[in-house]
Amino acid sequence: MQQISDYELELMKIIWANGGTALYADIFKGLEDKGTPWTKNTIITLSSRLIEKGFLTTNKIGRRNEYKAIVSAEEYQSAQTMQFVNKIYEGDMKNFVSMLIDNRMLSPTDYEELLKRWREGERENE
Amino acid sequence: MNDGLITFLSLSVAGAILVLILLLLKPVYKNRLSHKWQYYVWLIVIARLLIPFAPETNLVSNLFSNISTEVIEPITNAYSHADGDFFLGDGAGTNQPVLAENPFYDPSPTNRKAGATEIIGAIWFVVALILLIRKITIYQSFVKYVRAGCTGVTDIEKLEQLGKIIDSQNIKTNVELCSNSLVSSPLLIGFWKPCIVLPATDISMSDFRFTILHELTHYKRTDLLYKWLTQAVICLHWFNPFVYVIGKEINRECELSCDEAVISSLSPKERRGYGDTLLNAIKAGGNYKNSTTSVTLWESKKILSERLGAIMAYKKQSKVIVLVSAALAGLFLCGATYVGAYSSSPSSNAEVTNEEKSKTPLGTKEDYQSLLALKTADYKNLTVIEFNNNLVEWSTQNMDGAYTAVIENDIAVRQFPEYLDAEERSFLSLTVKASNNENSVQMRSDYGKPPIDPDLSFELSRENMELDPPVWTQLMYGFSYQFDANKLTVGERDLALTKVINEVQNFWNSTDIEVLADMSSDDMLEQLKTIVETCSTETVKMSVVENYFMFQTSEMLK
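Top to bottom, those sequences are chains A and B. To get this note's numbering, take the position in the first sequence, counting from 1, and add 10. To get this note's numbering, take the position in the second sequence, counting from 1, and add 1.
For the record, the hints were derived by calculation from the structure and aren't laboratory data. Mixed in with the good hints, there may be bad ones.
[To be verified] Straight-line alpha carbon distances no greater than 30 Å define the calculated DSSO-like cross-link-like pairs of lysine-lysine that follow:
| no. | chain 1 | residue 1 | chain 2 | residue 2 |
| --- | --- | --- | --- | --- |
| 1 | A | Lys78 | B | Lys173 |
| 2 | B | Lys270 | A | Lys78 |
| 3 | A | Lys23 | B | Lys136 |
| 4 | A | Lys39 | B | Lys194 |
| 5 | B | Lys165 | A | Lys23 |
| 6 | B | Lys159 | A | Lys39 |
| 7 | B | Lys542 | B | Lys450 |
| 8 | B | Lys270 | B | Lys221 |
| 9 | B | Lys450 | A | Lys50 |
| 10 | B | Lys159 | B | Lys221 |
| 11 | B | Lys37 | B | Lys173 |
| 12 | B | Lys159 | A | Lys44 |
| 13 | B | Lys317 | B | Lys173 |
| 14 | A | Lys70 | B | Lys317 |
| 15 | A | Lys39 | B | Lys37 |
[Stated by the list, open to error] Just a few of them, taken from the derived set where beta-carbon distance is under 8 Å, the chain B residues facing chain A:
| no. | residue |
| --- | --- |
| 16 | Ile131 |
| 17 | Glu158 |
| 18 | Ser169 |
| 19 | Asn171 |
| 20 | Val176 |
| 21 | Glu177 |
| 22 | Leu178 |
[Claimed, not checked] Across the chosen pairs, the derived CB separations fall in these ranges:
| no. | chain 1 | residue 1 | chain 2 | residue 2 | range |
| --- | --- | --- | --- | --- | --- |
| 23 | A | Leu19 | B | Ser182 | 21 to 31 Å |
| 24 | A | Asn75 | B | Glu556 | 57 to 67 Å |
| 25 | A | Gln12 | B | Gly310 | 45 to 55 Å |
| 26 | B | Gln141 | A | Arg114 | 56 to 66 Å |
| 27 | A | Ala35 | B | Ile22 | 17 to 27 Å |
| 28 | A | Asp16 | B | Ser205 | 14 to 24 Å |
| 29 | A | Leu19 | B | Leu183 | 46 to 56 Å |
| 30 | B | Leu26 | A | Asn75 | 44 to 54 Å |
| 31 | B | Ser182 | A | Ser117 | 47 to 57 Å |
Every residue, glycine too, gets a C-beta built ideally from N, C-alpha and C.
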């Protein structure tokens with residue numbers, strides 16, 4: 011997965027929030043709602059770059075372009091996290107989670123909840 | 002093809018004249034008229050070099066009709082002269098051909114020179130094509146190289162600045178913004194998907210704004226199209242040194258007028274900032290040599306000082322100057338139209354096929370009436386000697402007027418007034434022609450020269466330009482004949498002559514042109530001999546005159 015810039019990510023977030031597809035007007039409105047309106051040229055330029063990087067596809071609906079996310083938010087998050095863990099923890103996920111617990115980034119209740127989800131998932135697989 | 006080449010040459014000459022005019026007047030208009038004017042005035046020259054439209058009378062056409070009679074026609078002259086000379090008992094030699102035109106086929110006078118000009122035309126075309134393809138591939142590889150090393154600018158502030166300028170300039174296309182450390186100056190590439198490429202991203206917002214304004218102005222004015230049009234003209238007129246001057250001038254004025262357009266909307270303080278941007282652009286930058294056809298912020302250091310000077314000297318144009326500019330452009334446009342182009346339209350009176358013979362019939366209605374009086378109801382039943390004597394009598398009476406006009410000119414070049422019908426034309430181009438030749442031969446022996454047989458000769462040509470490569474064939478042949486002029490009637494003689502002419506014509510027209518073109522000279526001569534021999538009878542003995550024989554095909558040139 012290619013790296014995308016912060017502003018490209020902003021644009022992806024709006025499309026993800028819109029259910030994975032968005033028209034130009036949706037993107038424009040999304041940015042306006044966030045209080046960071048962009049010009050048309052910027053929006054089109056950034057979405058073109060995202061298309062080139064394989065994050066979006068576009069298809070015409072009448073005269074309008076509809077953008078569709080090929081990469082889901084989860085896929086992006088997990089890929090980015092993997093990359094982060096690989097870089098910082100040499101790929102050792104356990105060390106990463108210990109760090110989260112040791113530094114109270116993950117509270118005991120969070121931990122219990124995660125454990126419960128994990129066991130449920132295991133049972134389903136059996 | 003030949004006419005096309007001449008027309009094209011005339012465009013080149015007309016273009017060169019306009020370049021000279023503009024260069025000579027440059028000291029006068031350089032500091033008085035806007036750079037915009039100085040930039041777009043070259044469009045008129047470009048148009049003149051491309052469009053073969055011209056009014057009926059124009060400078061270059063006159064020039065060219067003179068050239069084409071003096072330079073291009075001499076080969077035709079050599080043959081067509083023979084006619085008149087012979088009758089006048091010219092002692093140039095007994096082998097002097099008596100030329101007659103084929104009464105059933107109208108050979109175009111351009112055939113003879115087709116071989117040479119087609120080679121020239123082919124060379125011109127191939128060179129032009131190679132140059133153009135080379136320019137396009139160089140540009141393509143340049144664009145590919147630049148695009149490959151491009152990274153999209155992520156600085157949202159710069160992207161937004163660009164977006165705002167695009168909105169304010171009413172540009173509808175999306176413009177990408179990239180940086181590539183290898184380019185030596187900011188530039189705009191791509192026509193359908195424009196992309197501004199900066200040498201570096203760490204430039205100040207002020208420099209960035211001016212750079213964008215400059216490049217977008219290029220884009221809005223479709224300078225890239227203008228530059229490519231110029232390049233195409235340079236490739237087509239590659240043999241003309243003046244077109245390279247046009248290229249240089251347009252490139253310079255393109256930048257100067259672009260600067261002018263940008264600063265016209267700036268305050269005096271901003272103008273200085275714009276000049277600073279130009280200077281800063283030199284400091285940054287990579288090393289890839291710019292392709293001549295990309296639009297760059299600054300194309301060479303040489304013109305930078307001129308551009309800075311122009312920015313400092315900038316002042317808004319008064320209405321008077323604007324009006325004068327428009328008037329001058331109009332004047333130059335009219336001038337360019339008048340300089341014109343040469344087209345070999347038949348209506349052009351200036352065009353004469355050669356020095357002595359006119360393509361338009363010279364004979365007057367009276368001339369023809371008097372000659373056609375010989376075409377009595379029973380002229381076919383006259384013996385040849387009787388008819389020939391009548392013709393001699395007519396010739397002597399009309400030596401200065403009708404004889405020169407009709408027999409020496411119109412019949413020789415086979416150009417008759419429209420009111421003559423087919424039978425009259427055939428009478429003139431076969432009966433009168435043959436009898437006139439026979440009289441010439443008779444006159445020679447009367448003067449004590451060795452007797453020779455009368456003869457007739459013809460030119461035939463065919464071409465198929467649709468084939469690739471085009472195929473053409475040309476044949477000149479003649480045959481002499483012997484008969485008893487006291488016994489044979491005109492009708493019988495004409496019948497015998499017509500038979501040979503028709504047989505050759507049939508063979509020529511019914512054979513596949515590619516088969517004809519593959520024949521050797523010897524094959525063709527043999528073929529002619531066979532035809533003439535089979536037509537030869539006891540009363541009219543005919544034989545091929547090898548002196549007249551000439552056979553050329555496109556295949557032989559290979």
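For each hint, the structure was consulted:
1. Lys78(A) with Lys173(B): Cα-Cα ~24 Å, so holds.
2. Lys270(B) with Lys78(A): violated (47 Å)
3. Lys23(A) with Lys136(B): Violated - the C-alpha atoms of Lys136(B) and Lys23(A) are around 45 Å apart, more than 30 Å.
4. Lys39(A) with Lys194(B): holds (26 Å)
5. Lys165(B) with Lys23(A): holds (24 Å)
6. Lys159(B) with Lys39(A): holds (21 Å)
7. Lys542(B) with Lys450(B): holds (22 Å)
8. Lys270(B) with Lys221(B): Holds, at roughly 25 Å.
9. Lys450(B) with Lys50(A): With a Cα-Cα distance of about 98 Å, the restraint between Lys450(B) and Lys50(A) is violated, given a limit of 30 Å.
10. Lys159(B) with Lys221(B): holds (20 Å)
11. Lys37(B) with Lys173(B): holds (23 Å)
12. Lys159(B) with Lys44(A): holds (20 Å)
13. Lys317(B) with Lys173(B): At roughly 28 Å apart (the allowed maximum being 30 Å), Lys173(B) and Lys317(B) satisfy the hint.
14. Lys70(A) with Lys317(B): violated (46 Å)
15. Lys39(A) with Lys37(B): Violated, because 42 Å separates the two Cα atoms, which is more than 30 Å.
16. Ile131: At about 35 Å, which exceeds the 8 Å cut-off, the nearest Cβ of chain A leaves the hint on Ile131(B) violated.
17. Glu158: violated (10 Å)
18. Ser169: violated (10 Å)
19. Asn171: violated (12 Å)
20. Val176: Constraint on Val176(B) satisfied, holds at 6 Å.
21. Glu177: holds (6 Å)
22. Leu178: holds (7 Å)
23. Leu19(A) with Ser182(B): 21 to 31 Å: Taking Cβ atoms as reference, Leu19(A) and Ser182(B) lie about 25 Å apart, which means the hint holds.
24. Asn75(A) with Glu556(B): 57 to 67 Å: holds (59 Å)
25. Gln12(A) with Gly310(B): 45 to 55 Å: At roughly 47 Å between Cβ atoms, Gly310(B) and Gln12(A) fall inside 45 to 55 Å, so the hint holds.
26. Gln141(B) with Arg114(A): 56 to 66 Å: Hint holds: Cβ distance 60 Å, inside 56 to 66 Å.
27. Ala35(A) with Ile22(B): 17 to 27 Å: With Cβ atoms ~56 Å apart, the hint is violated.
28. Asp16(A) with Ser205(B): 14 to 24 Å: holds (22 Å)
29. Leu19(A) with Leu183(B): 46 to 56 Å: violated (28 Å)
30. Leu26(B) with Asn75(A): 44 to 54 Å: holds (52 Å)
31. Ser182(B) with Ser117(A): 47 to 57 Å: Cβ of Ser182(B) to Cβ of Ser117(A): about 48 Å, so the range 47 to 57 Å holds.
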